[in-house]
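Can you build the whole structure from these sequences, using the hints too?
So the protein sequences, as listed, match chains A and B. As numbered in the numbering used here, residues 575 to 843 make up the first sequence, in order. As numbered in the numbering used here, residues 20 to 263 make up the second sequence, in order.
Since the hints were made in silico from the structure, they are not lab data. Backbone N, C-alpha and C fix where the C-beta goes; we use that ideal spot for every residue, glycine too. Keep in mind that the hints are not guaranteed to be accurate.
To be verified - Estimated spans, in silico, between C-beta atoms of each pair:
1) B:Val-258 x A:Ala-733: 50 to 56 Å
2) B:Thr-161 x A:Pro-736: 18 to 24 Å
3) B:Pro-252 x A:Lys-822: 47 to 53 Å
4) B:Ile-169 x A:Glu-656: 50 to 56 Å
5) B:Asp-60 x A:Ile-824: 50 to 56 Å
6) B:Asn-125 x A:Lys-744: 57 to 63 Å
7) A:Glu-737 x B:Leu-56: 47 to 53 Å
8) A:Lys-822 x B:Asp-54: 27 to 33 Å
9) A:Pro-736 x B:His-86: 56 to 62 Å
10) B:Lys-168 x A:Ser-755: 51 to 57 Å
11) B:Lys-168 x A:Pro-736: 24 to 30 Å
This is what each chain is made of:
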Amino acid sequence: MKKILIAGEGGQGAQSIAEILALAAHKADLKTSYIPNFGVEQRGGVSLAFVQISNDPINYPKFDRADILLIMCNRAVSVVKEFIGENTLVIFDGSFVSDDKLQELQGVVKSYLSLPAKNIAQEKFGLKSTNMLFLGAIYHEVLEIPKEMISTAINEKFAAYPEFQQNNKKAFEAGLQYATSKPDQQFKGRQKQEVKTVYEDDQKSWERFPQYCKGCMLCAVRCPKNAITMGKDLNFLGTQMPEVDIEKCIACGKCMEICPDGAIKLEKH
Amino acid sequence: MENLPKSWKKSALPHKFCSGCGQALALKILGFAIDELNIQDKAVYGSDIGCSLLSWNMFDVDTVQTHHGRATPTMVGLKRAKPEVIAIAFMGDGGGYAIGAQHLINSCLRDDKITVILINNANYAMTGGQMAPTTLVDEKTTTTPAGRKISEFGRPIHGPEMLATIAAPGAYMARCTSDDFETTKNYIKNALVNQIEGKGFSFVEILSMCPVNWKTNAQQSIDFIEEMKKTFPLGEIKVSKDVV
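What follows is the structure in structure tokens.
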């Protein structure tokens, strides 16, 4: 019996990982259960997925100690703390979960795998495939499921998006490979990085707020001078933030008006 | 101009709406309208069930979270008990045109002195994008996978136009889009002033993007709003006349 708890920000794909795992286990004639647990939000807010895979019948879909725990975002850390026991393997995104948040679990976590999924995905597969890297790392712990079942499950899950199927399978393989190679690990999250938030020249300053921005890019679409583009830096949800070419900016303020999150502030000097 | 309205509760940020949500944008504009009219201490905000409930802690004004479709009657009751408050009922197309349609129509008939703001995003968003009364003809939703057919589901509802036919002379009806900041702010302010001056029922429908259920990116969302404008004409559909 393996009890797997997956915790992410709504929209990060925590439920997709769980669906694929449960579907693959079912196809492999194992007993399995999957139950999602999230708030009223469609996106945003911590989203939990409880998965169990077993040879014997499963009595109840939830549990209070996880064998494998996946932490995909900062806000999940305090939510999942109570599910960590002596034998829990904690998998976390060392390139995204911030270090000061992670240190809350110092001493509680006995074994862990730090997978820099955001970094790997951003470099090789695109940010949308981040969750598939985690699927690979979790699969390393449930090898009783034949790999071709996972592959079939990925195909079924993304049947409507054939362009994602191959990419996602490659990301899954990369995650599995990373977990198998067991590189040197440290219980460390992302160090606080100085993200550039203020862009200014002598006439105006354009400020972005990573703690509010949700990466919808309405600002870029609205900009009459195409001065705003999708940047490399990530916001609190882990999606890409806009950045401005201050030379091109005419300080019209359209970006500030259209931002649903109040994440852009433009000031004329 | 500030990036956030003064009447928003900073401690509740980031708010709970999805990335690129037009409803959050409409609420930001409502916040600025409240700021500019300086009614933060007199306004009472009533939200409905559906995505609109995600705004339950958004404003630093007195807030009521009502039952589904019951934002209108709750605010009517409040206004009758305490006529000095400025009652704002905020709902989606499900709350206003489906389960709460009777309340909306009767409140308009009684010419209650409240302001109703209704978000039209052409689907039931919180439950996953099912067909709503406002779904466009031929628009695909999870319950109309082949598109909304007039023969089976009728035509999309035109709320402000419908209410205008039964409204009292002092009532105010308008429709705007959440991506048009200035116009929307002006219409919301007009609707609030109409209530403050005691002229009559005020109603603003805001066309709003729902990128998650429409499965659109930023540009496609704006394009879809353009498409919606063909079905739902914008403007002040009924302006209030002086009540004799």
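We went through each hint and held it up to the structure:
no.	hint	in the structure
1	B:Val-258 x A:Ala-733: 50 to 56 Å	holds, 51 Å
2	B:Thr-161 x A:Pro-736: 18 to 24 Å	holds, 21 Å
3	B:Pro-252 x A:Lys-822: 47 to 53 Å	violated, 35 Å
4	B:Ile-169 x A:Glu-656: 50 to 56 Å	holds, 53 Å
5	B:Asp-60 x A:Ile-824: 50 to 56 Å	violated, 38 Å
6	B:Asn-125 x A:Lys-744: 57 to 63 Å	holds, 59 Å
7	A:Glu-737 x B:Leu-56: 47 to 53 Å	holds, 49 Å
8	A:Lys-822 x B:Asp-54: 27 to 33 Å	holds, 31 Å
9	A:Pro-736 x B:His-86: 56 to 62 Å	violated, 44 Å
10	B:Lys-168 x A:Ser-755: 51 to 57 Å	holds, 55 Å
11	B:Lys-168 x A:Pro-736: 24 to 30 Å	holds, 28 Å
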